[in-house]
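Here the protein sequences come in this chain order: S and E.
The opening residue of the first sequence carries number 0 in numbering that gives the first Met the number 0; numbering runs sequentially from there.
The opening residue of the second sequence carries number 0 in numbering that gives the first Met the number 0; numbering runs sequentially from there.
Possibly wrong hints are sitting among the right ones.
Label pairs and their calculated CB-CB ranges [unchecked claim]: (1) Arg192(E) to Ala168(S): 51 to 59 Å; (2) Ser175(S) to Arg192(E): 33 to 41 Å; (3) Ser408(E) to Thr67(S): 40 to 48 Å; (4) Asp57(S) to Gly433(E): 43 to 51 Å.
Partner residues aside, some chain S positions facing chain E, computed with beta carbon under 10 Å [claimed, not checked]: (5) Cys9; (6) Trp74; (7) Arg80; (8) Met84; (9) Pro93; (10) Gly104; (11) Ala148; (12) Ala230; (13) Pro280; (14) Phe281; (15) Gly282; (16) Arg285; (17) Thr286; (18) Val289.
Honestly, the hints are just simulated from the structure, not real lab data.
Just so you know, even glycine gets a beta-carbon here, dropped at the ideal spot from N, CA and C.
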Amino acid sequence: MSGSAIQARCLCKRFGSVRAACGVHLDVAPSTFLALLGASGCGKTTVLRMLAGFVRPDGGSISIGGQTVVDDTTWTPPEKRRIGMVFQEYALFPHMSVADNIGYGIRPDQDRARRVAEMLDLVGLQTQRDRHPHELSGGQQQRVALARALAPEPAAILLDEPFSNLDAALRVRVRSDVRDILRHTGVTAIFVTHDQEEALSLADQVAVMMNGRIVQTGPPHEVYRAPADRAVAAFIGDANFLAGTAEGRKVHCELGELIAEQDHHGPVEVMFRPEDLLIIPFGEHRTATVTALQFFGHDQLIHLRLPSGATLRSRLLGAPGAYQRGQQVSVRVNNPAVIFPS
Amino acid sequence: MATPGLSADATPEHPELRRRAPIGLRLFAGAIGLAVLLPLVYLLIRAGETGHRFWDIAGRDETLHVLWNSAVLTLLVTASSTVIGVVLAWLTVRTDLPGRTTWAVITCLPLVLPSYVGAFALIGAFSSNGLLAPLFALFGLDRPPRLYGLPGAWLTLTLFSYPYVMLTVRSGLRSLDPALADAARSLGHPPWRIARDITWPHLKPSVQAGSLLVALYTLSDFGAVSMLQFNSFTRAIFVYYRTSFDRSAPAVLALMLVALTLLILWIESRTRGSAKLYRAGVGAPRPASRVPLRLWRFPALLACTVITLLGLVLPLAVIAFWLLQGWTAGEPLWRGWSMVVHSVQAGLWAAGITVAAALPVAWLAVRFPGRTARLTEKAAYAGHALPSIMIALSLVFWAARYAPALYQSFALLIFAYACRFLPEALGSVRAALGTVSPRLEEAGRNLGRGPWSVLASITLPLLRPGLLTGFALVFLTTMKELPLTLLLAPTGFDTLATRIWSATEDALYAQAAAPALVLVAVSGIFVGVILNQEEQDDVYE
């Protein structure tokens with residue numbers, strides 16, 4: 000679509016024999032928060048760095064705000080792209096104060112002092128303006144990095160694994176702070192992450208990347224509910240897989256006849272999420288055996304084995320102690336299952 | 000805590016770091032690497048010109064004698080320096096020696112003195128009318144024992160080079176994780192096995208690094224062996240050069256000296272273990288418990304005192320003694336300011352040019368690791384292995400034949416200093432650049448600044464401490480440098496170093512004392528500044 004804030008077409012990049020990105024397409028609508036999700040080494044950081052202009056693609060094109068910044072004949076250096084970036088290690092200038100860091104990118108024709116004050120307000124660091132980066136906590140450094148990237152009013156901002164350097168307790172709070180700040184400014188943003196929970200909970204759109212390609216793009220619930228293939232299903236959230244045969248919307252497998260999301264005929268792989276697998280302790284066909292229990296507090300994961308040897312997992316809310324290892328139970332799939340032709 | 004994970008080589012295996020350097024940078028850095036190798040290349044050419052005579056000269060009895068002398072001196076000095084250095088390091092780091100921090104500083108100080116000042120001190124103390132003459136008279140000796148030759152050279156070079164071992168071993172001991180020894184203890188091993196199996200393998204690299212420095216220092220030293228008339232390579236080369244018109248003999252000898260140096264480097268690299276040694280945990284290691292010395296502290300204190308007396312107090316006392324002697328005799332002690340001006344002038348130029356040359360080489364090595372960078376860096380480090388006398392000789396030969404205008408010119412002198420001292424500047428510039436993450440420069444670009452603006456506002460300010468340290472190191476070593484200055488300085492360009500040399504040669508000890516004092520004072524101030532700088536860097540990190 001023509002109204003994209005960021006558009007990438009057929010981006011390719013190899014480093015020696017390593018293919019880091021291959022035919023990457025990306026359309027990010029204005030004011031969208033997009034998560035570029037993938038395992039480490041899948042090429043997502045390379046895509047980000049191509050957008051920022053630190054890596055020159057071998058082929059393909061990028062346009063930002065409708066303006067082409069790179070294609071076969073065009074090359075715009077990073078400083079002319081009007082793209083902000085928050086680095087994984089923040090990359091704050093250690094010899095400058097917080098205010099100088101934030102003011103670094105503001106153009107001379109702008110009212111620097113006013114803009115710096117605005118940004119400090121936005122991220123809530125007014126009292127830290129004269130501190131140096133090493134005197135700040137990880138979360139504060141993160142906010143300075145964000146303010147510095149936003150200060151020149153960029154067309155979009157890129158965040159590279161922005162929460163990976165924070166400890167678990169801080170991460171949850173900083174995540175929502177960052178999302179609120181980005182919502183407030185209405186800026187288009189892309190963030191790279193390997194954490195599917197982070198991607199699903201924060202982003203408006205999730206682009207799943209594997210082996211240098213983007214394999215699926217969509218809103219979080221869609222990517223979770225209707226993964227494009229088996230690999231995406233396995234990567235995003237927990238998944239149970241069973242072999243089966245589809246006949247239209249019906250699919251036969253070891254658990255009997257299930258309802259499928261899609262029409263298909265022939266051999267398939269059936270996928271359903273652990274929270275859709277219900278356990279009936281005293282049901283009729285008690286064919287599944289409980290092999291392990293993992294208690295997480297808010298829920299628990301029950302590991303089951305079927306007579307064929309296939310293993311399944313069921314996620315239950317609360318009720319610890321209801322099941323024991325070795326217990327025979329019957330199971331049922333609650334929602335329509337996803338099928339992948341095999 | 001500082002910004003987490005910010006280091007230039009955070010992901011060295013990341014393929015992106017294998018990108019190619021800009022062609023301009025590669026050419027510039029490569030040219031510097033080649034320039035440093037020029038003296039060696041020209042020496043090879045000159046030695047090659049001797050043809051069949053090469054082997055005649057190399058096989059002469061005198062030559063073999065010189066080779067033997069150099070080898071013996073190097074072995075003796077390295078052995079004694081290693082023993083003294085390791086013992087002092089252990090005493091000052093791991094025991095309850097009274098006043099160990101003070102001893103650590105005091106016993107490092109001889110590093111400040113150039114070897115020829117040490118030799119001058121020894122000669123001045125043991126000459127028939129010297130400082131120690133009354134002492135020997137007490138024992139009924141009408142003249143002190145002569146310390147010329149091997150004993151004098153051995154003593155002097157040991158006293159001024161053991162701090163290299165001590166410093167490296169100290170840092171090795173301090174970074175040793177006591178948790179490893181504790182683990183071995185908990186597994187029931189007796190202390191001697193812990194020392195053999197745990198402590199020694201971890202300490203070996205630092206002992207070896209220090210010993211290597213001492214061996215290279217000894218082999219390339221010119222001042223002490225010349226003044227003490229010990230016929231090792233450097234002195235023999237100089238004597239040949241001064242006394243005969245035959246250019247072949249010194250060229251062949253200089254080449255043999257280079258070969259001996261390379262042999263030592265080769266042996267060292269072969270015996271250096273390839274195992275990576277780790278600390279057990281993350282974070283700063285817990286300080287190790289100290290070994291109580293009990294009654295052993297008296298011999299330990301005595302050893303520290305004797306070494307300080309010989310290495311530090313004696314040279315200073317001799318300088319003071321001869322100043323006093325000269326003053327009471329009404330001799331002219333001070334030959335004007337020109338030698339100070341010349342020393343400072345040479346030091347400033349050499350330091351400026353050398354640091355400027357180190358910058359592109361370090362940039363290439365840190366930011367664009369690869370084959371070009373490795374080769375360039377290796378070449379640039381060659382100065383470490385090339386003795387001054389060899390560089391000087393090669394440049395004199397070259398200029399005399401091809402560029403008479405450059406012969407004994409200031410420019411050629413500075414070029415020689417830069418060749419010799421590039422490694423020192425490179426070391427500190429490289430280390431500083433390694434701490435400036437390329438992400439910082441990218442952040443600057445990303446915020447709308449061009450590459451040159453980023454260089455000026457981000458990279459250079461962050462590099463400043465490293466550049467200053469490199470500058471100070473080169474300035475200091477240039478001021479102390481004797482053979483390069485002696486052979487290459489323009490006529491009439493006397494420096495502190497050459498004045499001390501010529502006055503001692505002529506047995507005018509009183510006239511050597513004043514410049515020696517100035518040199519020691521300047522060196523002391525500079526070393527203080529450098530150490531202080533490093534301490535601040537530590538605090539910052």
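Here is how each hint holds up against the structure:
{"no.": "1", "hint": "Arg192(E) to Ala168(S): 51 to 59 Å", "in the structure": "44 Å, violated"}
{"no.": "2", "hint": "Ser175(S) to Arg192(E): 33 to 41 Å", "in the structure": "56 Å, violated"}
{"no.": "3", "hint": "Ser408(E) to Thr67(S): 40 to 48 Å", "in the structure": "57 Å, violated"}
{"no.": "4", "hint": "Asp57(S) to Gly433(E): 43 to 51 Å", "in the structure": "30 Å, violated"}
{"no.": "5", "hint": "Cys9", "in the structure": "20 Å, violated"}
{"no.": "6", "hint": "Trp74", "in the structure": "14 Å, violated"}
{"no.": "7", "hint": "Arg80", "in the structure": "8 Å, holds"}
{"no.": "8", "hint": "Met84", "in the structure": "5 Å, holds"}
{"no.": "9", "hint": "Pro93", "in the structure": "6 Å, holds"}
{"no.": "10", "hint": "Gly104", "in the structure": "3 Å, holds"}
{"no.": "11", "hint": "Ala148", "in the structure": "8 Å, holds"}
{"no.": "12", "hint": "Ala230", "in the structure": "23 Å, violated"}
{"no.": "13", "hint": "Pro280", "in the structure": "47 Å, violated"}
{"no.": "14", "hint": "Phe281", "in the structure": "52 Å, violated"}
{"no.": "15", "hint": "Gly282", "in the structure": "51 Å, violated"}
{"no.": "16", "hint": "Arg285", "in the structure": "50 Å, violated"}
{"no.": "17", "hint": "Thr286", "in the structure": "48 Å, violated"}
{"no.": "18", "hint": "Val289", "in the structure": "39 Å, violated"}
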